[in-house]
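Asker: So the protein lines, in turn, are chains B and V.
Terminal number for the first sequence in UniProt numbering: 298, no gaps in between.
Terminal number for the second sequence in UniProt numbering: 298, no gaps in between.
Don't take each hint at face value.
Identical chains blur together in the list; that is why a pair holds if it fits in one copy or across any two.
[Claimed, not checked] Below, in silico cross-link-like pairs of lysine-lysine (DSBU-like), each with a Cα-Cα straight-line distance of 35 Å or less: (1) 142 - 196; (2) 30 - 113; (3) 142 - 185; (4) 30 - 10; (5) 33 - 185.
Quick caveat, the hints were computed from the structure, so don't treat them as lab data.
Here the structure is a predicted model, which means the values were calculated and not measured.
Protein chains: 2
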Amino acid sequence: MSSCNYELIKDGWFREINDKSFPGQGLELKVEKVLYHSESEFQDILVFQSATYGNVLVLDGIVQATERDEFAYQEMITHIPLYAHRNPRNVLIVGGGDGGVLREVVKHSCVDKATLVEIDESVIKLAQKYLPGMACAFENEKVQIKLQDGFQFLRDVAEKPEQRYDVIITDSSDPEGPAEAFFQKEYFQLLHSALKEDGVVIAQASENVWLNLDYIRDLVASASSVFARAEYCYTTVPTYTSGQLGLIVCTKTENTNLKHAARHPSDGEQSQMRYYNAQMHSASFVLPTWAHQRIYRP
Amino acid sequence: MSSCNYELIKDGWFREINDKSFPGQGLELKVEKVLYHSESEFQDILVFQSATYGNVLVLDGIVQATERDEFAYQEMITHIPLYAHRNPRNVLIVGGGDGGVLREVVKHSCVDKATLVEIDESVIKLAQKYLPGMACAFENEKVQIKLQDGFQFLRDVAEKPEQRYDVIITDSSDPEGPAEAFFQKEYFQLLHSALKEDGVVIAQASENVWLNLDYIRDLVASASSVFARAEYCYTTVPTYTSGQLGLIVCTKTENTNLKHAARHPSDGEQSQMRYYNAQMHSASFVLPTWAHQRIYRP
Chain B
1 MSSCNYELIK DGWFREINDK SFPGQGLELK VEKVLYHSES EFQDILVFQS ATYGNVLVLD
61 GIVQATERDE FAYQEMITHI PLYAHRNPRN VLIVGGGDGG VLREVVKHSC VDKATLVEID
121 ESVIKLAQKY LPGMACAFEN EKVQIKLQDG FQFLRDVAEK PEQRYDVIIT DSSDPEGPAE
181 AFFQKEYFQL LHSALKEDGV VIAQASENVW LNLDYIRDLV ASASSVFARA EYCYTTVPTY
241 TSGQLGLIVC TKTENTNLKH AARHPSDGEQ SQMRYYNAQM HSASFVLPTW AHQRIYRP
Chain V
1 MSSCNYELIK DGWFREINDK SFPGQGLELK VEKVLYHSES EFQDILVFQS ATYGNVLVLD
61 GIVQATERDE FAYQEMITHI PLYAHRNPRN VLIVGGGDGG VLREVVKHSC VDKATLVEID
121 ESVIKLAQKY LPGMACAFEN EKVQIKLQDG FQFLRDVAEK PEQRYDVIIT DSSDPEGPAE
181 AFFQKEYFQL LHSALKEDGV VIAQASENVW LNLDYIRDLV ASASSVFARA EYCYTTVPTY
241 TSGQLGLIVC TKTENTNLKH AARHPSDGEQ SQMRYYNAQM HSASFVLPTW AHQRIYRP
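Start from the sequences and build out the full structure, keeping to the hints where you can.
Answerer: Below is the structure:
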C-alpha cells in the first residue's frame with residue numbers, strides 16, 4: 001500500500017472503531033492503496049482501494065460505501081419508498097452525493113424528475129472519480145443537482161406547495177457532524193411539509209437493532225409524532241458495523257401500507273436489481289421479537 | 001486486561017481474521033480479561049470477557065457465541081425446524097456443547113427427549129463455567145448427553161430405524177478442523193438415514209450470502225441431492241463475520257413447507273423467545289435477488 005499516516009489505517013488495515021456509536025467492537029478492511037484523503041469544509045473524507053471490497057468511501061471514519069456491497073443499501077433505501085408509492089413521479093434525494101441512490105431512482109420509468117441536494121460537492125467529484133459504478137446517473141436527463149444545505153432546501157420547498165414531492169429519500173451520513181440535524185423532530189416536520197399528501201419518506205436510521213435499539217425507538221416515536229405512519233425496516237450490508245442498517249419509512253396517510261410493494265418491479269426493472277424484490281420489501285420490516293417489542297410497544 | 005500472549009489478541013482487542021474464509025475483512029471485540037485459553041484434543045479454545053458483548057467463546061480463532069447476541073443463533077437454528085414440524089417429540093443435537101440449542105429445544109412442551117452428541121467435553125465444562133446462561137439445560141429431565149463423535153453416533157442410529165429422530169440439529173463449528181465432515185454429502189446421507197419420514201433437519205452453513213455464495217449453492221445442491229427439499233435461510237448475529245449466518249433446512253417429503261411455521265409458539269413459549277417469531281420464520285428464507293438466483297438457479 002502507499003504510505004499513509006492516516007490514523008485509522010494501521011499495519012495495512014483500516015479500522016472502524018467508534019467509542020460513542022459502537023463501543024467495544026470494530027470492523028477491519030484490508031487496504032491495498034489509499035486513493036484520497038482530505039478534510040473538506042464539512043467532513044473528513046477517505047477513499048481507499050481495499051483487498052476484497054473494491055474501492056471504499058469513508059466519511060468521518062465511518063464506512064459509507066464499498067463497491068462490493070453498496071447495492072444492498074442503495075436499492076433498499078430507494079425501492080422501498082418508490083414501490084410503496086403507486087405512481088412516484090417527482091423524487092427528492094437529500095444527501096446522497098455518491099450518486100448511488102440517484103442511479104436507483106432513475107431505473108423507475110414512472111419517475112419524471114429526480115432532484116439531489118448535496119451540501120458537499122467534493123463527495124460528488126470523488127464518487128465520479130473513484131466510485132464510477134455509483135456516480136453514473138448525474139448526467140441523466142431526469143436529474144437536477146442542487147449544491148446546498150438540505151435543511152434550507154426543504155424550508156424553501158415547504159413554502160411552495162406546488163413543488164412538493166412524491167418521495168423524499170434522506171441519504172445522509174451519520175448523526176455526528178454535518179448530518180446531525182437530520183435525526184431530529186424538526187427535520188421530520190420539514191419532510192412532512194415538503195411531501196405530497198400521498199407521498200412516502202425514507203431516512204437512514206444510522207443505527208440497527210443490535211447497536212442502539214433505544215435510539216431507534218426514539219427516532220420512530222419522533223417520526224410517528226409527525227407522520228400518520230412511521231415504520232422501521234433494515235437492509236444487510238457486511239461493511240456496516242453489525243452487518244445491517246436501519247431505515248425509517250413514513251407516510252402522511254394511515255391507509256398507505258408501507259410494508260408491502262404497491263407496485264411490483266417490471267421485468268425490465270427487476271433485471272437491473274441485485275438486492276430488492278417484492279418479497280424482500282416485506283421481509284425487511286419483520287423484526288426479531290425483542291426489537292419489535294422495544295420499538296413498537298415502548 | 002490480564003496478560004496474554006495469545007496471538008489473536010493485540011493491544012487489548014481480539015481480532016477475528018481468516019484469510020481463507022473471509023479474506024480482507026475482520027471483526028474486532030475489545031477484551032476486558034482473558035478467562036481461559038487452551039488447545040483441547042480437538043480444537044483451540046479461547047474464552048474472554050469482552051467490554052460490551054459479555055463473555056465470548058472462540059473456537060479455532062472464530063467467534064462461536066457471545067452472551068449479548070447468542071440468542072439470535074440458538075433460537076433460529078432450533079425453532080425453525082421445531083416449528084416447521086407438526087409434533088416434534090424426539091430431537092437430536094449434533095455438536096452444540098455450549099448448551100444454547102439444548103436450552104431452546106426444551107422450551108417446546110411437545111418434546112419428550114433431547115439428545116446431545118458432543119465430541120469435546122471441555123466445551124461443555126467451559127460453557128457451564130463461563131456461559132451459564134447458555135449451559136442451563138444439561139440437567140433437564142428430557143436431556144441425554146453422549147460424549148462421542150456425531151458421525152459415528154449417526155451411523156449407529158442409521159442401523160436402528162426405531163431410534164430415528166423427528167428433528168436433527170447440526171450445531172457444529174466451521175468446516176475447518178473437527179467439523180469438516182459435517183459439510184459433505186455423506187453427512188447429509190447419514191442425517192437422512194437417522195431422520196423419520198416426516199422429520200426436519202437443520203445445519204449451520206458456516207457461511208452467508210455475502211461471504212461465499214458459491215459454497216452455499218454447492219451445499220444446498222448437495223443437500224438437495226439427498227433430501228426432497230433443501231432450503232437456505234439465515235439469522236443476523238453482529239459478532240459473526242458480515243453480521244449473519246446461513247442455515248440449511250431439509251426434509252424427506254416434498255409436502256413439508258419449511259418456510260412457514262406449521263405450529264405457532266404458544267403464549268408461554270413465545271414469552272421465552274427474544275428473536276424467533278412466526279413472521280421471522282418466514283422472513284428468514286427471503287433472500288436478496290442475486291443470492292436467490294445464484295443458489296436456486298445455478
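Asker: For every hint, state whether the structure bears it out.
Answerer: Here is what the structure says about each hint:
1. For the identical chains of this complex, residue 142 and residue 196 are intra-copy neighbours only, at 19 Å inside a copy versus 59 Å across copies, given an alpha-carbon limit of 35 Å.
2. When the C-alpha separation of residue 30 and residue 113 is checked against a cutoff of 35 Å, the pair qualifies neither within a copy, at 39 Å, nor between copies, at 47 Å.
3. Taking the shortest alpha-carbon separations for residue 142 and residue 185, only the intra-copy value of 31 Å comes in at or below 35 Å, while the best inter-copy value is 53 Å.
4. For the identical chains of this complex, residue 30 and residue 10 are neighbours both inside a copy (10 Å) and across copies (17 Å), given an alpha-carbon limit of 35 Å.
5. Taking the closest pair of Cα atoms, residue 33 and residue 185 never come within 35 Å of each other, the shortest separation being 41 Å inside a single copy and 41 Å across copies.
Comparing the model with each numbered hint stated earlier shows that hints 2, 5 do not hold.
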